[in-house]
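Residue numbers (the numbering used here), protein chains in the order written: chain A, 12 to 179; chain B, 58 to 236.
Read the hints as simulated data drawn from the structure, not as lab findings.
Remember, it's a predicted structure, so these values are computed and weren't measured experimentally.
Be a bit skeptical, because a hint or two may be false.
[Unchecked claim] Straight-line distance between alpha carbons at most 25 Å, and here's what the computed PhoX-like set of lysine-lysine pairs gives:
id: 1; chain 1: B; residue 1: 104; chain 2: A; residue 2: 50
id: 2; chain 1: B; residue 1: 133; chain 2: B; residue 2: 167
id: 3; chain 1: B; residue 1: 104; chain 2: A; residue 2: 53
[What the hints assert, rightly or not] Taking CB as the label site, the calculated pair distances span:
id: 4; chain 1: B; residue 1: 137; chain 2: A; residue 2: 122; range: 37 to 47 Å
id: 5; chain 1: A; residue 1: 126; chain 2: B; residue 2: 61; range: 35 to 45 Å
id: 6; chain 1: B; residue 1: 137; chain 2: A; residue 2: 93; range: 19 to 29 Å
id: 7; chain 1: A; residue 1: 95; chain 2: B; residue 2: 188; range: 45 to 55 Å
[Said to hold, decoys possible] Counterexamples of contact, computed for chain B against chain A with all Cβ distances above 12 Å:
id: 8; residue: 70
id: 9; residue: 148
id: 10; residue: 176
id: 11; residue: 186
id: 12; residue: 209
id: 13; residue: 221
id: 14; residue: 235
Don't be surprised by glycine CBs; every beta carbon is placed ideally from N, CA and C.
For reference, the chains in residue letters:
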Amino acid sequence: MIPTLTTERLILRGPETRDWPAFRDFFASDRAVHAGGLKDAKQAWTFFAAEIGHWHLRGFGMWTVEQDGAPIGLVGCWYPETWPEREIGWLIWDGFEGRGFAAEAARAARAHCYGPFGWDTAVSYIHRDNTRSIALAERLGCQRDVGAVHPNPDTLVFRHPAPAEVAA
Amino acid sequence: MTPHVVDVPVLETERLILRAPQASDFDVLAPFVMSDRANFIGGGVDKDISHAWRILAILTGHWPLRGYGVFVLVPKDGDAPIGSMGPWYPEGWPEPELSWTIWDANAEGKGYAFEAMVEIRRYAYAVLGWETAVSYIDAANARSIALAERMGCVIDADANGPDPDDVVYRHPSASEVLA
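Could you build all of it, start to finish, from the sequences and the hints given here?
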């Protein structure tokens, strides 16, 4: 089973079929521009399936973030082939921004990466124009790592605080 | 530890084990996806390794989303997978399909696909409860058309495929196959 994480306001659980409509709608909106680009329903479904397949292939992956029983985004671990290193990523569906949910979920995900998953470091790859996401990375204590390899030229690498710093 | 996310039965034929896709399959799948042998299924020499990895992730994720998916074929006299086949129903497909792909060119021409598909079709009808099944085949894919005909499929001119170039082959019905 995919582990379930609980925070003050949120539940992080494995993605399921019922999460599909919100995922599809996100990738049909302009909000997907910094998340790999707009996708039609056919393309989005394959990405949704791959989110789940990622857990099977890597042993970790993105959790569905649930608030009051509704999916509000995907947050967690992302390490597809060709990614330079393991990433902590976040996607928040329309209407659920600005309330600190992404930060709350990302902290829980990061703690699980550093704890049970045994990671010793983590990055977040963020499009250089994605100011909201950059602000979130900074709020999480991340710092630009200009020496790190990036997956594509438009991406900035933000390095998360090390496990000892987060636990301290 | 890999979390258990996929309940996939293991099927068996005379020469093959049919099991869930797994991470190690990538070594055989990736070169296939990036070759011209994959032109009919969305691969090709213009595709990169990240695309190949996503395909393996999709093959896996299809299982929990639909409750069924493709099996990976492994000959009993070897360790390496040779292809993936089975129920396939991604978004945009007019109806659930029985699909087949041989990844390893050296495994073609030995009747593996036919052997696996007969068992998988039986599984789809007897266990999944399907009453009918189609296979969507590119009109230029002569090998695949030959296999469909060997399985008793006939062209269903009234049905649409997901792609305009697809020909829809309709399998014998559940009652015919299970009789």
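Check each numbered hint against the structure and report the violated ones by number, ascending. Result: hints 5 and 9 break, sorted rising.
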